[in-house]
Amino acid sequence: MRNRILAGLGAATLATVGLAAPANAVTDETADVYIVHAFPGATVDINIASGAITLDDVGPGVAAGPGLASPNVGVDALGGLAPGDYNVVITNTADDSELFNDDLSLEAGVSYTVVAHPTEPAGDFTVSVFENQLTTSEVGNGLITVRHTANVGAVSVFSDGTELAGPLSNGDEGVLDVAAATYPNVYAGPDADTPAIELGDVTLPAGTNILVHAFGPDGEDFSAVVFTIGGLTTPDGVPAGSAGLVDEGAGAGFGWAAGGAALLLMVLVAAGILVRRQTVSAQR
Amino acid sequence: MSRSKGLARTIGFTMASLLLLSGCSALGSSEVRERGVSARDTKIVLSNVETVSTLELLQQKTTPPARVRMPDLGIDMRVEAHGIESDGYMSLPESPFVAGWYAYGSAPDSRTGATVIAAHVDSLPEGIGPFAGLRESREGMTITVTDDAGEVHDYRVVSVERIDKDEVPLDRVFTATGDPHLVLVTCGGEYDWRGAGQYLDNYIVTAEKVA
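Chains X and C, in that order, are what the protein sequence lines are.
Position one of the first sequence corresponds to residue 3 (our numbering), numbered consecutively onward.
Position one of the second sequence corresponds to residue 28 (our numbering), numbered consecutively onward.
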């Protein structure tokens with residue numbers, strides 16, 4: 003078998019040093035779930051599939067899911083889930099009262115965000131399920147996903163007064179598939195002159211989905227819960243060599259083709275046509 | 028910027044949940060790539076520890092790598108940003124004496140994921156490049172990446188693999204998740220003289236971040 007572990011750990015055991023965390027992209031057979039708690043004022047307990055996964059004492063503003071890191075919460079068990087129905091029960095930590103109890107249906111190949119948030123205008127506890135987009139229309143683009151999960155009227159999303167998306171009402175989402183860039187002074191509001199949720203300058207890296215969930219009101223303030231999914235753009239391979247000079251195959255050094263190429267190179271070098279670097283450790 | 032008082036709420040972890048939250052799976056060291064909900068339940072308790080607002084993620088900037096050094100193998104090369112060619116493969120500098128950083132992935136100062144740096148192992152005009160030495164990498168060797176801001180990032184080799192190009196786990200090599208780490212890639216193995224005019228394997232060196 004040609005594949006070899008030459009030193010150290012192989013792929014199978016990189017998990018023990020925390021380097022083989024589940025890849026961000028869903029597979030054809032599994033689903034990923036992210037959870038966002040955007041209901042101000044209530045700390046909750048979340049029970050999934052009759053205790054298979056439980057998250058206790060989840061405060062408002064938490065985003066949890068596979069592969070996430072601080073300031074979000076990484077929960078790798080929420081990644082790579084088999085398709086099917088998963089019962090989700092959300093209770094108020096303070097008094098164990100039930101806030102939500104329903105089945106979440108997961109399809110293979112889909113990345114979900116489950117958001118607990120208030121309705122508008124009543125402010126009742128509800129859960130909305132969104133699907134996360136994992137592809138960009140162009141290499142070099144990223145995604146800004148904006149979800150209206152606050153108890154406030156319809157808003158649009160602006161950058162320096164230019165409308166980027168909307169209007170969005172409670173429960174809606176807008177996805178911007180745009181070039182990687184820093185978008186100045188991004189805010190959401192009922193119109194360009196009335197910022198309700200201010201996000202500042204938003205830096206969007208290529209191949210990243212920045213997911214923004216409106217949060218509020220908390221007292222009188224509005225804000226957002228944010229997490230990111232990276233690695234949306236992956237190459238098909240790394241074609242890193244073309245001259246055959248370090249061939250390790252059976253024909254290396256003895257085959258006609260190997261000898262022929264080496265001979266040709268020697269001729270070209272001797273003729274001054276090619277300048278060959280002799281040292282492997284050349285510095286530039 | 029308006030900030031919600033709710034987001035100042037604290038989040039914390041018990042010792043048990045630290046194991047579950049890291050990339051080290053509580054399911055044991057065996058590779059678990061396809062699974063339903065695990066047979067062992069996952070319970071995570073978040074309580075009463077200071078947290079930073081997630082709004083900062085909107086302004087996260089990272090710094091491209093500028094130089095990669097591996098003293099044990101005599102590698103000391105400039106790094107330039109690269110993306111994807113029209114054929115879908117990673118773009119690379121023409122010279123095997125310059126390395127390419129996959130700019131649509133993580134950088135050394137990213138919170139998570141693989142910083143992927145690759146270089147041609149050789150070329151006809153220039154001969155054999157420094158990354159030809161990667162096959163001699165050993166666990167524990169040091170790799171240093173200096174970024175555009177002059178910041179120095181240190182890594183230690185944990186794995187050296189030679190893998191058939193058709194079998195390279197690209198999702199793992201280019202992963203955006205997991206502790207920040209470094210992956211060096213080049214070509215090697217048998218050279219396909221008659222057919223594609225390229226090497227059949229990739230050498231992949233994985234290194235964990237130590238500073």
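Calculated directly from the structure, the hints in this document are not laboratory data.
Just so you know, not all the hints are guaranteed correct.
Only part of the chain C face toward chain X is listed, based on derived beta-carbon distances under 10 Å [as the list claims (entries may be wrong)]: (1) Arg-138; (2) Val-179; (3) Val-212.
Keep in mind the model is a prediction, meaning the values are calculated, not measured.
C-beta atoms are modelled at their ideal positions from N, C-alpha and C, and glycine is treated no differently.
Taking each numbered hint in turn, which are not upheld by the structure, reported in ascending numerical order? 2
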